[in-house]
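Turn these sequences into a full structure, and let the hints guide you.
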Amino acid sequence: MNNHDRPLSPHLSIYRWPVTMATSILHRATGVAMAVGFIVLVGWLFDAASGPDVYAGFIGLMDTTIGCVLLVGWSYAFFFHLANGIRHLVWDTGRGFEKEQASRSAWFVLVLSIVLTAAFWGVAS
Amino acid sequence: MSLRSPLGRVLGLGTAKDGTSHFWGQRVSGIALAILGLWFAWSAATMPGFGYTESVAFIGEPINALLLLLLSVTMAYHSYLGVQVVIEDYVHGHGLKIASLLLSRFAHLFLAAAAVFAILKLGISA
Chain A
27 MNNHDRPLSP
37 HLSIYRWPVT
47 MATSILHRAT
57 GVAMAVGFIV
67 LVGWLFDAAS
77 GPDVYAGFIG
87 LMDTTIGCVL
97 LVGWSYAFFF
107 HLANGIRHLV
117 WDTGRGFEKE
127 QASRSAWFVL
137 VLSIVLTAAF
147 WGVAS
Chain B
12 MSLRSPLGRV
22 LGLGTAKDGT
32 SHFWGQRVSG
42 IALAILGLWF
52 AWSAATMPGF
62 GYTESVAFIG
72 EPINALLLLL
82 LSVTMAYHSY
92 LGVQVVIEDY
102 VHGHGLKIAS
112 LLLSRFAHLF
122 LAAAAVFAIL
132 KLGISA
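Top to bottom, those sequences are chains A and B.
For the first sequence, the numbering used here gives the first residue as 27, with consecutive numbering after it.
For the second sequence, the numbering used here gives the first residue as 12, with consecutive numbering after it.
These are computed hints drawn from the structure, not numbers from a lab.
Just so it is clear, CB atoms sit at the ideal spot from N, CA and C, and this is done for glycine as well.
Hints are not guaranteed to be accurate.
Claimed, not checked - Negatives, chain A to chain B, calculated, CB over 12 Å:
1) Arg54
2) His114
3) Arg121
4) Val137
Stated by the list, open to error - Per the computed footprint, the stretches of chain B lying under chain A, defined by three or more beta-carbons under 8 Å from a beta-carbon of chain A, are:
5) 17-23
6) 66-73
7) 76-90
8) 93-105
9) 125-136
Below, the structure written as structure tokens:
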């Protein structure tokens, strides 16, 4: 039996990335990023409790280019994970699983998370 | 060949009636974090600054201390559940998997305890 020409299961190297795949991977990536960011949040609390000298060291670390890039990244991770998490909660009720619906909500969440991140830094600065 | 009964082999090995607790724990803590996280994001954005006095004053405010306690503990729990799934998915060796899960659990407990201690210290002395 000749089955050389048959399509294989979705193969990553020839498969067009659906946007839903990107949001799925981003959800996990932003979650892991925030698990690391949690260390910094606790560091802020603990160093504030440890006195002005220790706290100055913490601010010194954060008030660098890398520190600022990380903070912007963590704020984006939070807003994306929040928006996409609510998308998951809607899915948990059995709604929104049609292909077009899922793609539309994926784009919505991607745009919304960028808008929220921009709004956050707009209010902050 | 094992002389143990089929029942004896599986007792204590896993789920009986608690198979959905991980799922539910993740959802419920996620909903809590949506609220607490938005509160914290708003507070951080509108804070007068992140200098030592501003930060200590913010954390020491009773309502902030209370919400920060809830945020830290819930976040540690939610993060532990999430990292657990990631480890189970990507770490394959049995021993390494157990070690990673143990390390993750200890790290999350450590962070939660550190946060609680710091918030209480600032909240009570303020």
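Hint by hint, here is what the structure shows:
With a least beta-carbon separation of about 7 Å from chain B, Arg54(A) fails to lie farther than 12 Å from that chain, contradicting its non-interface assignment. Against chain B, the non-interface label of His114(A) is violated: not every CB pair exceeds 12 Å, the least being about 8 Å. The beta carbon of Arg121(A) is kept farther than 12 Å from every beta carbon of chain B, the shortest such distance being approximately 15 Å. Non-interface status of Val137(A) relative to chain B is upheld: no Cβ of that chain comes within 12 Å, the nearest being about 18 Å off.
Counting residues of the segment 17-23 of chain B whose beta carbon lies closer than 8 Å to any beta carbon of chain A gives 0, which falls short of the minimum of three for the stated coverage. For a cut-off of 8 Å, the count of residues in the segment 66-73 of chain B with a CB near a CB of chain A stands at 3, and the three-residue condition holds. Remark: the segment 76-90 of chain B is confirmed as covered by chain A, as 5 of its residues place a Cβ nearer than 8 Å to a Cβ of that chain, reaching the required three. Counting residues of the segment 93-105 of chain B whose beta carbon lies closer than 8 Å to any beta carbon of chain A gives 3, which reaches the threshold of three, so the coverage claim holds.
Figure legend: the segment 125-136 of chain B, annotated as covered by chain A; annotation consistent (7 residues with Cβ-Cβ distances under 8 Å, at least 3 required).
Of the numbered hints listed earlier, those contradicted by the structure are 1, 2 and 5.
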